[in-house]
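Trainee: Below are the chains, spelled out letter by letter.
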Amino acid sequence: MTVRTPARTAVTGRTSAPRKAGRFWTARRRDHLVGYLFVAPQLIGSVIFVLVPLGMVVWYSLNEWNVLAGTFDFVGADNYRRLAEDPKLPSVLTASALFSAGLVAVNLTLALLLAVLLNQRLRGTAVFRTLFFSPVVVSLVAWTIVWGFLLQKNGGINGLLSVVGVTGPNWLRTGGGAMFSVIMVQVFKNVGLNMVLFLAALQDVPASVYEAARIDGAGAWRRFRSITVPLISPTLLLTSIITVVGSLQVFAQIAVLTQGGPGTSTTVLVYYLYQQAFQFHQFGYGSALAVLLFAIVLVLTLLQWRLRRRWVFHEA
Amino acid sequence: MRRKTVLYGLLCVLCVPFVFPTWWMVTSSLKPVGQIFASPPSLFPSGIDAGAYRQVFTLQPFARQYVNSLYIAAVVTIGTMAVSSLAGYAFARIRFRGANALFFVILVGLLIPSEVTIVPLFQMFHRWGLINTHWPLILVPIFGAPSVLATFIMRQFFLVLPKELEEAAQVDGLGRLATFWRIALPLARPALGAVAIFTFLQSWNLYLEPIVYLSSPERFTLPQALTQYVDAYGGPMWNVQLAAASLTAVPVIIVFVIAQRQFIEGLAHTGLK
Numbered sequence: 002m003t004v005r006t007p008a009r010t011a012v013t014g015r016t017s018a019p020r021k022a023g024r025f026w027t028a029r030r031r032d033h034l035v036g037y038l039f040v041a042p043q044l045i046g047s048v049i050f051v052l053v054p055l056g057m058v059v060w061y062s063l064n065e066w067n068v069l070a071g072t073f074d075f076v077g078a079d080n081y082r083r084l085a086e087d088p089k090l091p092s093v094l095t096a097s098a099l100f101s102a103g104l105v106a107v108n109l110t111l112a113l114l115l116a117v118l119l120n121q122r123l124r125g126t127a128v129f130r131t132l133f134f135s136p137v138v139v140s141l142v143a144w145t146i147v148w149g150f151l152l153q154k155n156g157g158i159n160g161l162l163s164v165v166g167v168t169g170p171n172w173l174r175t176g177g178g179a180m181f182s183v184i185m186v187q188v189f190k191n192v193g194l195n196m197v198l199f200l201a202a203l204q205d206v207p208a209s210v211y212e213a214a215r216i217d218g219a220g221a222w223r224r225f226r227s228i229t230v231p232l233i234s235p236t237l238l239l240t241s242i243i244t245v246v247g248s249l250q251v252f253a254q255i256a257v258l259t260q261g262g263p264g265t266s267t268t269v270l271v272y273y274l275y276q277q278a279f280q281f282h283q284f285g286y287g288s289a290l291a292v293l294l295f296a297i298v299l300v301l302t303l304l305q306w307r308l309r310r311r312w313v314f315h316e317a
Numbered sequence: 003m004r005r006k007t008v009l010y011g012l013l014c015v016l017c018v019p020f021v022f023p024t025w026w027m028v029t030s031s032l033k034p035v036g037q038i039f040a041s042p043p044s045l046f047p048s049g050i051d052a053g054a055y056r057q058v059f060t061l062q063p064f065a066r067q068y069v070n071s072l073y074i075a076a077v078v079t080i081g082t083m084a085v086s087s088l089a090g091y092a093f094a095r096i097r098f099r100g101a102n103a104l105f106f107v108i109l110v111g112l113l114i115p116s117e118v119t120i121v122p123l124f125q126m127f128h129r130w131g132l133i134n135t136h137w138p139l140i141l142v143p144i145f146g147a148p149s150v151l152a153t154f155i156m157r158q159f160f161l162v163l164p165k166e167l168e169e170a171a172q173v174d175g176l177g178r179l180a181t182f183w184r185i186a187l188p189l190a191r192p193a194l195g196a197v198a199i200f201t202f203l204q205s206w207n208l209y210l211e212p213i214v215y216l217s218s219p220e221r222f223t224l225p226q227a228l229t230q231y232v233d234a235y236g237g238p239m240w241n242v243q244l245a246a247a248s249l250t251a252v253p254v255i256i257v258f259v260i261a262q263r264q265f266i267e268g269l270a271h272t273g274l275k
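If you read the sequences in order, they're chains A and B.
First residue of the first sequence: 2, per my numbering; consecutive thereafter.
First residue of the second sequence: 3, per my numbering; consecutive thereafter.
Heads up, some of the hints might be wrong.
[As the list claims (entries may be wrong)] Below 20 Å or equal to it, Euclidean Cα-Cα: the simulated SDA-like pairs (lysine to any residue) are: (1) Lys165/B / Gly220/A; (2) Lys6/B / Leu118/A; (3) Lys6/B / Thr72/A; (4) Lys6/B / Arg122/A.
No lab work stands behind these hints, which were simulated from the structure alone.
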């Protein structure tokens, strides 16, 4: 056994480190080996379950795959040509864009509002924090089923509305109503998460900065805009990236609430991909849709990352 | 004083869409079938009818499905904690050759929604004969893209954790593995807690993967099972669905309310900030 020395000393003063187990296994080399062993499970997993499938999905998208006939033929860019000509695709992309834009706007605004409210010196904010956060721990499909029940034509929402004399629409059977419902169900489910992240960021803003601004005569809105927003901008950036990417992955809510309908008004990209690949067994075309989804996520993330220089006040 | 009243009023109104659905789910599941769409809606059931709860268990192997979801989530959580803390620690603490390049390779997973790779993954598991088993729901989250965020969080945590304690331990003759296990890991409890919570919730909520991979009811997970309570015409049996949803949601809510402080603060004060 070698006497173990800390990695640092081993790097600089290698010759002084006593060795008995042969020259090759220096403390530094052993440390390297431990490093590789520690990252091996995640690395091998990433190769098998992320990188290889990513390559495969690109390859599949260049082939026509008939599961029933058992044929797999190279067709080049045919699936992408089909993508460009698919009459449904514009409405699918519109639905995705509407959903993502609506979700991100409402989610971040509400999360910030709730966080600011909870950051006031009030008794009982912990109770409200718990209540706002509680849907995060409710199973997604359970939450969606309850809302599906509430949003029926004769369900709880319209029941409440009728008490105040309003006749509610058939939420899930009208285009705009369905999209609005799907967005709001998702917002209420997960806004607590962003709220908590914002709250933690708000609590790190030093009170002295606010005091100074107040003495200088800055009003509440001015303080919010010129102090709060810049100081929590790293958190804003991170939550907006997570929320945008998450919004593109919405599936369960669509599948349970609307099945993409009425018409194709709530058929977002992931739901369309699922239909093509696993309901119509169009694996080649489904893969082309997956490549499109990946490209969109990639571009949006890079764009936000780029913008951080302009927006983000300091890097956390 | 007036400001306080306004604030409380606002908070109470904002609470409604967060709290009412859960209340409505539980009370409606206890109402007789004829009453659940009664107008005007009644906030309290007039009498308690547990019939829906009996049907939950007779129509499907619901207890089995509950166990499936629980054990899959537990295995995924423990596995992810192990994989991500090892990798996160190595990337933060050990300067081995190529560490940055390897970290970059792993980070690619953050950019890939699991929906992008579902078709090839389905084909892979098909070739391995693992369709209609729980393996895809366990292996992919632990080793694939979903655990990358966990690794990232663990790395960020170890980067800001002072390393004096670990260095002292190594001077005292503790090896890397022992330093990791006996010194670093206990210090990382808050980050591990956050990783455990969101990994569990992610696995618990999984929906696309189970409906793609699983086909026999006794293998189903809860989210998938909930949507299977339909009548002969494919319409949802509302009272049974709501009863099953209550059984799914209420235990987790109770655990959450008891542990909410650690829960929320754990999530807020990690590398995610």
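Trainee: Taking the hints in turn, state whether each one holds.
Mentor: Outcome of the hint check:
1. Distance restraint check for Lys165/B and Gly220/A: the Cα-Cα separation of roughly 44 Å exceeds the 20 Å cut-off, and the hinted pair is therefore not satisfied.
2. Restraint check: the Cα-Cα separation between Lys6/B and Leu118/A comes to about 11 Å, which is no more than 20 Å; the hinted pair holds.
3. Note on Lys6/B and Thr72/A: the hinted pairing is violated, with a Cα-Cα distance of about 70 Å set against a maximum of 20 Å.
4. Between Lys6/B and Arg122/A, the direct Cα distance comes to roughly 10 Å. Compliance with the 20 Å bound is thereby established for this hinted pair.
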